[in-house]
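Student: We have chain G already, so just place chain A on it with the hints.
Just so you know, the sequences run in chain order G and A. Quick note: the first sequence uses this note's numbering, first residue 89, plus one each step. Quick note: the second sequence uses this note's numbering, first residue 25, plus one each step.
Hints listed in this document are in silico derivations from the structure and should not be mistaken for laboratory results. Being a predicted model, the structure only gives us computed values, none of them experimental. Everything hinted at is true.
Here are the simulated distance ranges between beta carbons:
#, chain 1, residue 1, chain 2, residue 2, range
1, G, Glu287, A, Arg102, 38 to 46 Å
2, G, Gly574, A, Val73, 33 to 41 Å
3, G, Lys501, A, Val84, 28 to 36 Å
4, A, Ala153, G, Ser222, 51 to 59 Å
5, A, Ile87, G, Ser582, 25 to 33 Å
Listing some non-contacts, in silico: residues in chain G with all C-beta distances to chain A over 10 Å:
#, residue
6, Arg337
7, Pro341
8, Phe366
9, Lys386
10, Thr564
Some chain A residues flagged as far from chain G (calculated, every beta-carbon gap over 10 Å):
#, residue
11, Leu41
12, Arg42
13, Arg43
14, Leu101
15, Leu161
16, Leu165
17, Leu184
18, Pro211
19, Gly212
20, Val213
Think of the CB as a built atom: it goes at the ideal place given N, C-alpha and C, for glycine as much as any other residue.
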Amino acid sequence: MDSLANLGDGFLTVLTPMNMLWVLVGALLGTAVGVLPGLGSAMAVALLLPVTFSLDPIGAFIMFAGVLFGGLFGDSISGILMNTPGNSTAIAGTIEGHKMARTGRAAQALATSAIAAFIGGILSSVLVVFFAPSLADLATLFGPEEYLALAVFAFVAISAVVAESLVRGLTALVIGLAIALVGVDGMSGAARFTGGQPELFDGINIVVITVGLLALGEVIAVAARRGTRQDTELIPSGGRLWLSREEFRLALPAWLRGTSIGVPFGIIPVGGSEVPTFLAYGTERRLASRKPGSMFGKGAIQGVAGPEAAGNATAGTAMGALLALGLPTSATAAVMLAAFRQYGLQPGPLLFERASELVWALLASFFIGMVVLLILNLPFAPLWAKLLKLPRHYLYAGITVFAMLGVYATSSKLLDLVLVLAIGLLGFAMRRYGLPVAPVLIGVILGPLAETEFRRAMAVSEGDPTVLVSSPIAATLYAVLALGVGAFLIQRRSAALAKAA
Amino acid sequence: MSTAEELASRGGPGEFLRRRTGLVLPLLMLLVGVVLAVGTITMDVPENVAWPGPRLFPTVIAIACFVFAVLMAVDVLRHPEPERVAAHAEDASSDAADADAADASDVAEETRVRSNRPAVLALVGTLVAFIVVLDPLGWLLSGSLLFWGVARALGSRRPLFDAFLSIAVSSIVQLAFSAGLGLNLPPGVLAGVF
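Just chain G, with the same shape it has in the complex (with noise of 0.2 Å):
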């Protein structure tokens, strides 16, 4: 019941006035960004990081919460009225949403979609209220062995489902080890790779990184579609924004199968929500399937409800396991562990301890965000589709404006500048020949955490190797990592004999 009693201080912390406008404005500007096509949570968090940083540090990570769920509950309404997904993650609930929208019930699907946002991040978050704690306590046993094993688990698990190869994964992830080598090396003192420019020293920040990779690539890969057919025809939304008792009915237990196929991904780092978010649509329809009158394919709600619950299920969970355990295990959570390292806090076991009154602040600030966001996303739904109809071209000049002014803002270094662009262009080049984007954010903040761990377990073992595996925690990840991949390999070459037979 600790649990409870520190969620409780935890509302008292945030319903203060002032917190209460740093959620609203989270979720106004996270929904803004999100509707926007290609632009995600990710994204508007690490715009966001400079902006936030005369905030004091609970201020700054309830805006967060605001920014990261109001993210999701906004990239559906671009791919639900226009079939241009806002991200990755609502890819899935585009393919039936879209179609209702088409056959005149795009409002509903609007609503299924708010309501699932809703329903995945309210019990997610619940879950992680009562288990984080218990998580962060096991995770005090974990010495270097465990920790390099958890990285190197995210290392392949992401590279191996998220891109369409596993070559093309893997090399992503390099991509990013190669970017993170860049500055002093902390165990020895080493200047590495830096050109011998001090600027360097304190290697490639990560704001750099992901606003040139997220947002200029994106910015850049717009400019190269300029001209090319699009079908951008915005369906106008109209009518009742309620669900049917029939249409609830529906979809009620869909948003609760999507939630609960969402929230075991958020602790196993395969790169955010698209697996989930698919399978949970692939679960939607072999269940509707079974009954007589399908409505698949011609917008089924459960196809919206499904995917739209396990995507912010998932969310919810990521957030868990990066407060607990310190890991990533998606691009946003990635970039939301370069929000708390900014602050001087390490997430993990001891942050519990050490900054418990912003660990719970935080948390509390998830429910009231999804209150919020259910209440900005339900009614307005088509106020926020009007964004879409502003030219292109200024939303994305906007985009890039505070994509320039936050890497500048944060080190008053024209270098960084410089380094953005060409990792913009490097985000770019990626997009056009299909490489994730994920694996290289995973490298660049795990890179560093793998290489010290790995050096100071040889260090305690005195250069012993079975010392990794001999830990019966790190050999069980291990273990499980190889049958994971094993599994989804042999999975997809059979998915692809299939296919092509």
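Tutor: Chain A alone, transformed into the frame defined by chain G:
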């Protein structure tokens, strides 16, 4: 290193390469690998550092760069992009973007996924110009230039209206973030005005 040679030896000009522009990625990996290898060899390592020192990880990643450069190159060479180019928007929705894109396509080399190269070049040029003039001119003017340039590169065709809009956006940012939140933005030539 193999990719460059492979390219040269197999390099049937034109169409062969045009369907395999993805080769820039293995080339990039190769470059990163070389930079890492040279940097690792020339690294100043303090004395008395125990194994595994600061060189081990860079070595591993440099090798990984070479390995994946080769694997990616093989992947790209074996799976070229489709021969036909994505359909062009002759009568697409946004009229302004179109008029320009139509004449641009005559000039630009066609790729599989149609890339609007003039637009990309204009965008990148704007960003470079912004970085160059930021310190001398200050945020207000260079920020306006950035917004104006990006909007134009993305297809806006109302230069005068854009100019006013850009200055407005840049001023709002200056007021909100510099005066309001205390971020440090360069004042430049307009130093005394604010």
